[in-house]
Amino acid sequence: MIAECQGRKFSLFRTADPRTLLAAAAAASFCFSFVQSLGASASCLAFALILAAMGGISAPLLLKRLAAVNIFVLFIWLTIPFAMPGERIDVLGPLRWSADGIRLAMVTTIKCNAILLSFLALVSGIPLPLVGCALDRLRVPAKLVFLFLFTFRYVHVVGEEWQRLQTAAKLRGFVPSNSLHTYRTIGNMFGLTFVNAIDRSRRIYEAMLLRGFDGSFHTVTEVKSTPADKRFAPLFFAALVFLFLLDVYLR
Amino acid sequence: MHISEGVLSPAVLGGGIVLTAIGTGIGLRKADYSRLTTAAVLSSVFFVGSLVRVPLGPGSVHLILNGLLGLFLGWAVFPSLLVALLLQAILFSYGGVAVLGVNVFDMAFPALVCHYLFRGFFGVAGVRRMFGAFCSGALSVAGAALCTALALGFTDEGFWTSAKILFLAHIPVMAAEGCVTALIIAFIAKNRPELLRFGGGSAKGDSS
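Keeping their order, the protein sequence lines are chains C and S. Read in the numbering used here, the first sequence has 69 at position 69, and its numbers run on one by one without any break. Read in the numbering used here, the second sequence has 1143 at position 143, and its numbers run on one by one without any break.
Be aware that one or more of the hints could be misleading.
[Unchecked claim] 25 Å max Cα-Cα, derived DSS-like pairs, lysine-lysine:
no. : chain 1 : residue 1 : chain 2 : residue 2
1   : S       : 1030      : C       : 143
2   : S       : 1030      : C       : 170
3   : C       : 143       : C       : 224
In case anyone wonders, no lab produced these hints; they're calculated from the structure.
Kindly produce the complete structure, drawing on both the sequences and the hints.
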C-alpha cells in the first residue's frame, strides 16, 4: 500500500546533508509561492527542472506525481478563465475567456509544477528516518519529531492490518457497492482498525516506559554537512533571491 | 481536499501557517508522551484512511476521518494532522510545505470545533450518540470544505467560482463521511464502550 520507492539510481543530492535539502525545499516552496509574473514563474519552472535532473527522478515516478497534482490544476483551468471578471477575449468557439483568468491559471499551473518538481528533487529521496533526524537538528519541537517518526513507523503496521481485514472480507465474497451493507462493513473494518490502533498505542507506550523512555530519542545516525553542501547552499539561495528580484522587476 | 502548492496568495499561506503553529503549539503542550503515542497511531489511521476508497454514487471517494480524529484527540488533532499531511507531502507529493499550514488548519480546526460541540453526546447509548457521531463526521468535512473554499476565495476574486464548486462537490462526501463515522462509533460503542468517554472533563481520560 505504501511501498513508495524512495531510492534513486543516480542523484547528486544523495550524499547531501538532509538539513540543507529540507531548508532548501522549504525556501524554494515559499519563494515560488510569492512569484506573480509569468516570466519569473517560467524561470522558476526552468530552475526546478534543473533540480529535478540533478535529483535523478525516474520518469515514471515523475509523471505519476505530476498527473496527481495536475488534477487540481485542471479543475482551475475549467473554472477560472470563465469566472474571472475583466476583459474578455475570443480564443475558441463561442466561449468568452477572460484574459486575466487565463494568465492567472497559467501562472498557477507553472508555479504548482515548479514547486512539486523542486520538492520531489530535494526531499523525496531522503529516507524518512533521516528526515526526522534532520527536523530534530533544525530545532523542530522534540514532541513533533517524536510524532512524525512514530506516525511513519506505524503507518505500515496500520496499513498491513487494514489490508489483512480487506483480504478477509474479499475471501468472504465482499464486493463494495452503493449499499448500507458496504458502509456498515467498511465502518466495522475501520472501527476494528481504530480500536486495535488505540490498544497498540498503549502497549507501545508501556513497552517504551519499561525500556526507560524519558521523552528523548537518541539517533545513531549523524547528520553532517559536507564541503559540497557548503558550496551548494549559497548558490541555491542566491538563485532564489535572483528569481524573487526578477519577479519584482517583471511585475 | 488538499490545495496544491503555488495556488494560494502569500497572505493566505502566512495566515494558515500562523494559525496551524498556534494550534500545534497548544496541542503539543497539552499532550504528554502517552497521549502522543495515541496521536501518532491515530495519525497513521488517518493516513491509511485517506487511501481507502468508499463507493459513492457512480464514483468513489476517499475517507477523510478528521472528525473522528478530532473527537479522540482534542487539540492534539493539530500536530497529528500536521505530521500525517507532511508524510503525505513527502511520500505522495499531495500538497507541499508552504501550503501545509492552510491544509492542516482547514481539516483540524473544524474537527476541534466538533470535538467541543459533540463530546458530551457519547456518554449514553442511543440516538443521541449516533447523531453526535454523524454530525462530527459530516460537519468536520463541511467545515474543512468551507475553510478550503475561503482560502481559495481570499486568494483572488477569480477563484470564487472554483471555491463554490469545490464546496458543493463536497456535499455528498459530507454525507458519506457522516455515515462512516457513525458506523465506526457504533462499532466502538458495541465492542469498547469505555473508549468513548470524551464527554465531561478533558479528553485525556481515554488515554491513561
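Here's how the hints hold up against the structure:
no. : hint                : result
1   : 1030(S) with 143(C) : holds (11 Å)
2   : 1030(S) with 170(C) : violated (42 Å)
3   : 143(C) with 224(C)  : holds (23 Å)
In summary, the one numbered hint that this structure violates is 2.
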